[in-house]
Amino acid sequence: MVDGAERLGVLGVRAGVLDGARLRRCRMLARVLSLVVTSKRTYSDWFVARIRTQGMDLPTEMLRAFLPPRSVGRTGVISTAVLEPAYELGGDAFDHSVSKNILHASIFDGMGHDLASGLTTSVVMAGCRNGRRSGADLPSMIEAVDQTLAEWLPDQFCTGVVCQLDVDTGVLRWCNCGHPPPLLIRNEGVLPHALDSPPQPPMGLPFQLEPIRREAHNTTLEPGDRVLLYTDGVTEARGKDGEAFGLDRFTDFIIRSSAAGQQPSEVLRLLIHAILEYQGNALSDDATILLLEWHPELIEWHYGGGSTEAAHA
Amino acid sequence: MVDRCDRAVTTGADEETLERLLAEANAIVPYRLPGLVNRCARALGLDSATIYLVDLQQHLLIPLDDQTDPLQVDSSEGGWAYRTL
Chain A
1 MVDGAERLGV LGVRAGVLDG ARLRRCRMLA RVLSLVVTSK RTYSDWFVAR
51 IRTQGMDLPT EMLRAFLPPR SVGRTGVIST AVLEPAYELG GDAFDHSVSK
101 NILHASIFDG MGHDLASGLT TSVVMAGCRN GRRSGADLPS MIEAVDQTLA
151 EWLPDQFCTG VVCQLDVDTG VLRWCNCGHP PPLLIRNEGV LPHALDSPPQ
201 PPMGLPFQLE PIRREAHNTT LEPGDRVLLY TDGVTEARGK DGEAFGLDRF
251 TDFIIRSSAA GQQPSEVLRL LIHAILEYQG NALSDDATIL LLEWHPELIE
301 WHYGGGSTEA AHA
Chain Y
1 MVDRCDRAVT TGADEETLER LLAEANAIVP YRLPGLVNRC ARALGLDSAT
51 IYLVDLQQHL LIPLDDQTDP LQVDSSEGGW AYRTL
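For the record, the sequence lines run as chains A and Y.
Read in order, the letters of the first sequence correspond to residues 1 to 313 in our numbering.
Read in order, the letters of the second sequence correspond to residues 1 to 85 in our numbering.
Since the hints were made in silico from the structure, they are not lab data.
Treat the numbers as computed from the prediction; the structure is a model and nothing was measured.
Some but not every residue of chain A turned toward chain Y, in silico, with C-beta under 8 Å: (1) V2; (2) G12; (3) V13; (4) R22; (5) C26; (6) L29; (7) L33; (8) V36; (9) K40; (10) W46; (11) I51.
Counterexamples of contact, computed for chain A against chain Y with all Cβ distances above 12 Å: (12) H113; (13) L115; (14) A150; (15) P198; (16) G224; (17) G280.
The beta carbon of each residue, even a glycine, is placed where N, CA and C say it ideally should be.
Build the full structure now, drawing on both the sequences and the hints.
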């Protein structure tokens, strides 16, 4: 059962005979029920409680209310994310959304591990959404967030990367606010320093020091490129021997799983489980990963084809 | 039962049933969904159907009804379906 790019679960079916006609109906039933579940799950505590396996702390409850689905996208472009520890988030979050031909994708890491961190990240997410929904340019969107934090949460700050991908042209714009640089994976390898940019302070800091203008940077993606956003909790996760999970292990995992034919959302599911296991199921810091994939050849085929198969995606 | 299944297979699900089920799905309170899902399945010539939702950490597929056991995403047929979606 899927809603757009989001995997909801599966439909189990019993039938004495499972011929072509009945299989087709199973698929139809799964599609309709996906819509029913999606329309009801956000505001039904019954659904929400059903998919939890343990208690959740209050800061996490607050931050989760702001999180979008794990995956968004359409044929040819997908953004998918995971974050842990699922029931005890500090200040990590991701956001993504498709508006016409722009895919917005961002990652945030609010300073600290308490309610104030979660609150800061929530304000940052709301600020960025407010900016993009009112058509603000990337730098002025971040400047508005800087200003809001300075006014309402003056002791807090939040690092992050905010990206906008033009799905038609492949132009990626991003603004990095004191966060680890995004990684570009091309032809099954990491392109070194491809998305580095001159350092800018975390959101909320500029107004405490001296107001600065935010700067956005551009690059043009090639078909098949993957962009990876992550928080330092991913690479700094420590194993039993004290060794960090590390950037190489992290990127190798993604490249290997993708080469083995796994879908992006499945790659991240396996990866976050591997990181949790590496650290003995007890993360000391939040770990968030967002993976964006661009396959324009599929987008053109989707527009031009009119094939029935295109409708499946 | 056999008659209804056969008719569904040969002539397609009848429109009235479809309309009634969709209207019900629209108005239903979530905890009664499992019953409706089963009625839909029977109307389509199947014996029964169960929705499994993935848990927050994507380890388990959790059935919406209370009589069925959860499935492991990593080691079940249902899990395979989920992993390859």
